[in-house]
Amino acid sequence: MNRFRVPFRILAVLIVTAIAWGLRARAVNLLPIDYDEDDYLRAGQESAHLIRTSDWRGFLDTNYRPEHPPLAKIIIGVSILSAPEKPLTPDAPTTAGPNQYLPRDLVKPARTVNAAFGILTVFFLSLVNPLGGLMLAAHTFTIKYVSQIMLEAFPALTSLLMVMSYLQWKKGKRSGLNGWLILSSFFFGLTAASKYLYCVVGIAVLVDWYLTAKQDASLKSFFRNALIWSALAVLIFFAFDPYLWPDPIDRLKESILYHAAYSENASEVQSANFPLWQPFVWLTMSPAIWHDGVFPVAPDLFITIFAAFGLARLWKKERVYVLWLGLALFFLLLWPTKWPQYIVTLTAPLSLAAAEGVMATWEGIVLWWKGRKNKPAVQYKKVEIRNVIPWLVPGLIAFALLTLLPLLFQFAVSLTDFNTASIRDGFQGGIWHAVWGGITGQIRAMPLSFSDRSNKVQYTGLGSYFPVLNFLANDGVLVFNVLWTILSVLLQTGLGLGIALLLWQRGVRFGKFWQAMFILPWAIPEMIGALMWLNIFQPESGWLALAVKTYGPNIPFGFFAGWENTPNLWLIVFLIPAIWYGFPFMMLASSAGLKMIPTEVFDAAAIDGANIWQTLRYVTWPLLLPLLIPAIIIRSIFAFNQFYLFQAFYFQDSTLATLSYNVFNPNNGFGRYGGQFAISAVINIITVIILVGFVMLFNRWSKAGEGVSYA
Amino acid sequence: MRKIPFWRQIFTQLAFILIGAFVLLPVWSTARLAFDGSLIGRPTEFRFTPKEFSLDAFLKVLDKPYQSVQFEILFKNSMIVSLGAALLAMILGASLAYAFSRFRFPGRQPGLFILLLAAILPPIAFTTPLYIVLSILKIRTTLLGLTIVYATFAMPFCIWNMRAAFQSVPKELEEAAFLDGAGNFTTFLWITLPLALPSIAIASIIAFLMAYSEFAIGWLFVEKASTVTLAMSIYAIVQTQYLGGAQPWSYLGSLAIIMSIPAILIFIIFQRTLLDRMMFGVSGE
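So the sequences go chain by chain: A and B.
Each number in the working numbering corresponds to the 1-based position in the first sequence with 1 added.
Each number in the working numbering corresponds to the 1-based position in the second sequence with 92 added.
Hint data in this document are derived by calculation from the structure and do not stem from the laboratory.
Source: prediction; values computed, not measured.
Careful, some of the hints might be misleading.
Unchecked claim - Reference listing, derived: stretches of chain A covered by chain B, where coverage requires no fewer than 3 residues with Cβ under 8 Å from a Cβ of chain B: (1) 383-392; (2) 687-696.
As the list claims (entries may be wrong) - Among the chain B residues that face chain A by a calculated CB cut under 7 Å, a handful are: (3) ILE96; (4) THR104; (5) SER121; (6) LEU184; (7) LEU188; (8) PHE218; (9) LEU222; (10) ALA308; (11) SER352.
Beta carbons are placed, not taken as given, at the ideal position from N, Cα and C, and that holds for glycine.
Build the full structure now, drawing on both the sequences and the hints.
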């Protein structure tokens with residue numbers, strides 16, 4: 002078996018590269034002209050002109066769109082050298098729409114060279130991990146932005162090469178500078194000279210390097226080497242950025258300051274009004290919906306999901322990729338400009354993480370399959386089975402009628418286009434008729450169409466799933482729901498645990514009174530609590546809006562005014578009632594947990610001279626956490642399904658809410674055509690699939706919980 | 093027992109005052125509207141306290157809160173539906189819960205998985221099919237139909253909880269009853285059920301509250317004003333209010349306060365056991 006490993010690997014790399022080639026070649030030919038392509042083509046034309054006329058001094062003062070360093074633009078210029086010279090693409094402001102009149106015989110070579118760098122990136126990544134290479138090869142956002150006249154393709158390649166050569170160095174002796182390290186700083190310099198954003202990768206390398214040096218207790222040589230490495234990179238950056246030579250300080254300052262000003266003031270950034278978490282939305286959606294027929298597959302969402310599960314494994318294998326992914330994501334979250342092409346900075350490590358996620362899933366399935374055979378078959382007693390029947394049957398009938406049947410029905414509806422137009426037919430068995438016909442192959446699946454609504458229920462097969470998943474991804478519903486769950490549970494737990502710890506101190510005055518008061522939000526029905534908060538946040542007549550109207554916007558919390566137009570504030574305004582409603586539960590759960598920890602442990606800690614924080618960190622927290630996990634899972638499920646809060650805050654046509662809310666209001670996502678029962682059903686099925694994951698967590702915890710008892 | 097130092101006491105109390113303000117803020121924002129007699133439509137000026145203190149809104153709401161339906165009818169509907177749903181869910185679910193808690197049979201593990209999944213599904217998952225089934229049975233717009241809807245929402249949760257309750261009854265007690273010649277059913281009725289009753293009662297209170305405060309989905313099952321529940325009438329007021337209706341906002345506030353009182357009482361009395369039940373009976377007791 003081992004004999005075939007190397008040839009097999011080579012074959013895998015070649016196949017993956019070929020796939021990348023095919024997909025990118027297709028994109029080069031089919032993608033329409035996008036924003037900014039005219040700008041960078043013009044920059045390329047300027048460089049090409051300088052090269053043709055051998056005007057080398059001209060590079061000192063030529064850098065169209067000087068906010069980006071010139072290297073990637075010069076490369077575009079080189080790529081169009083063999084094409085006939087065309088008049089310079091007109092200068093247009095950054096707000097201008099895509100210029101559809103760019104000469105095709107310039108666009109083609111410029112795009113092709115960029116795509117070639119994209120293919121090379123996939124090639125090198127598949128040397129690290131062929132599966133990861135495959136992920137990157139098929140990642141549609143990456144395909145799009147490396148196959149257009151953008152500045153992404155080259156720095157994406159050089160930043161990967163920088164990390165790979167650094168890792169080569171790390172694998173070796175790690176001592177001193179050698180060729181690999183110098184190569185790595187060379188690529189860092191090239192990266193910086195192409196697009197600043199990709200320099201985040203350099204920080205990841207430095208962090209990893211520092212951590213490794215700390216492990217080896219060789220910090221001294223780290224500081225020396227890292228300094229040389231960085232200095233070399235700066236030199237190379239400078240060498241490949243001729244525009245800087247005449248006036249380095251001012252031009253560098255100008256180009257960097259431009260980005261800060263752009264993110265604050267540019268009208269296109271303002272009008273896009275992207276939320277803080279928009280990079281996550283880019284990661285879950287695919288440009289396939291903008292460009293019909295360009296991408297044969299759009300696995301972006303699944304790559305991101307697998308990557309989330311593969312992070313831990315990747316960290317164990319090679320930390321620097323996770324650092325790269327994390328730092329880049331962190332930067333993109335903080336940075337106010339949120340264009341989709343920025344995620345190309347991190348799709349390489351993302352693909353590696355996704356590959357690990359796929360492997361972990363695969364191994365899990367294999368393990369389960371093997372374990373299934375080894376498990377001894379449970380012997381059931383005949384008497385017991387006979388005895389259980391009278392208990393099971395009546396309950397099962399009720400359960401099947403009231404719970405299973407509706408779920409089955411939902412699934413059936415999700416395979417059709419059932420809506421208000423076909424409601425009568427649906428009531429008279431049209432759904433079963435359509436689904437039965439579809440499954441048995443008597444009826445062909447119809448494409449989902451909203452405008453042409455038949456009064457008969459039509460079978461669509463799984464045809465509605467992709468539009469719905471697309472809607473959930475594009476409108477950010479999926480990301481919002483996950484973010485919502487994590488943030489609201491985190492904050493509820495933080496507040497609840499904090500209060501429980503405060504109440505738990507010996508001799509706190511009025512403890513009983515405070516606890517009774519803090520339970521109040523839990524006791525008020527969720528919808529009424531939401532209405533109470535709505536009295537505060539209602540945009541026109543709410544308490545806050547009136548206060549701002551009376552006293553001006555500079556009062557405390559005045560910045561919340563107009564929250565309904567800003568996605569970030571929108572999230573916060575919904576989180577406030579969610580925390581208010583949820584923290585009492587976590588407080589009670591924490592209090593109950595704290596009571597179960599034997600006091601001797603704390604006496605022991607006190608004898609050993611631990612202070613408050615040490616006791617909390619090393620004694621209370623590890624003992625409490627296993628007791629809190631059930632409560633955290635319950636709250637997560639609740640937060641994930643949160644519906645009444647969003648329904649009570651009376652906003653029509655908004656999709657920034659949980660899946661449950663969108664099940665109830667499917668028309669928000671699907672525009673003018675009301676009563677899309679089928680869409681509801683599809684969202685419902687997706688919710689069920691996600692909740693199955695939760696139940697697995699739940700089961701594992703309840704098994705683990707049996708072993709935990711301190712009382 | 094050593095008491096905490098003075099500065100920590102002060103810090104703790106200050107923190108609690110802040111959190112208390114956070115807890116009470118929305119309650120007060122509602123109360124200041126509910127007790128304001130000067131409101132004609134929406135509030136137009138910022139006030140911390142009611143402009144004219146009055147109980148008019150409460151009296152109006154206790155008479156005819158929604159359209160021309162009397163409060164007693166709404167309250168009666170709420171009670172019928174909520175109590176009915178809790179009872180129905182319990183009765184329909186009890187035998188299944190007992191089967192899963194006491195017997196080993198093929199398909200038990202997958203069954204438990206499905207039960208738990210059903211218990212954590214959002215109620216909306218069941219809405220459309222119920223709508224159609226109840227329409228076909230011609231009881232969609234009746235109180236019975238609504239009761240069935242809410243019972244459906246509550247049943248998986250109740251089954252899961254009753255299962256835990258039955259499991260916590262010592263098996264030895266049942267075995268003793270068997271030895272004395274009691275049958276399965278007799279043992280369940282006279283031994284297990286009474287012993288598990290307190291936990292079951294708490295679970296049914298949760299089912300009751302679920303139905304008591306549900307409004308959005310129930311609204312789909314209502315056509316006549318006479319089958320509206322309290323929670324729905326609140327939502328109806330919200331809808332007219334934000335669509336520019338002329339009702340004073342004080343009605344909504346006062347009705348919300350009235351509706352919360354029973355729930356608050358229940359929670360304050362049973363807080364510890366409610367918590368345990370809501371954790372699906374698996375918190376470490």
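Results for each hint:
| no. | hint | result |
| --- | --- | --- |
| 1 | 383-392 | holds (count 6) |
| 2 | 687-696 | holds (count 6) |
| 3 | ILE96 | holds, 5 Å |
| 4 | THR104 | holds, 5 Å |
| 5 | SER121 | holds, 5 Å |
| 6 | LEU184 | holds, 4 Å |
| 7 | LEU188 | holds, 3 Å |
| 8 | PHE218 | holds, 4 Å |
| 9 | LEU222 | holds, 6 Å |
| 10 | ALA308 | holds, 5 Å |
| 11 | SER352 | holds, 5 Å |
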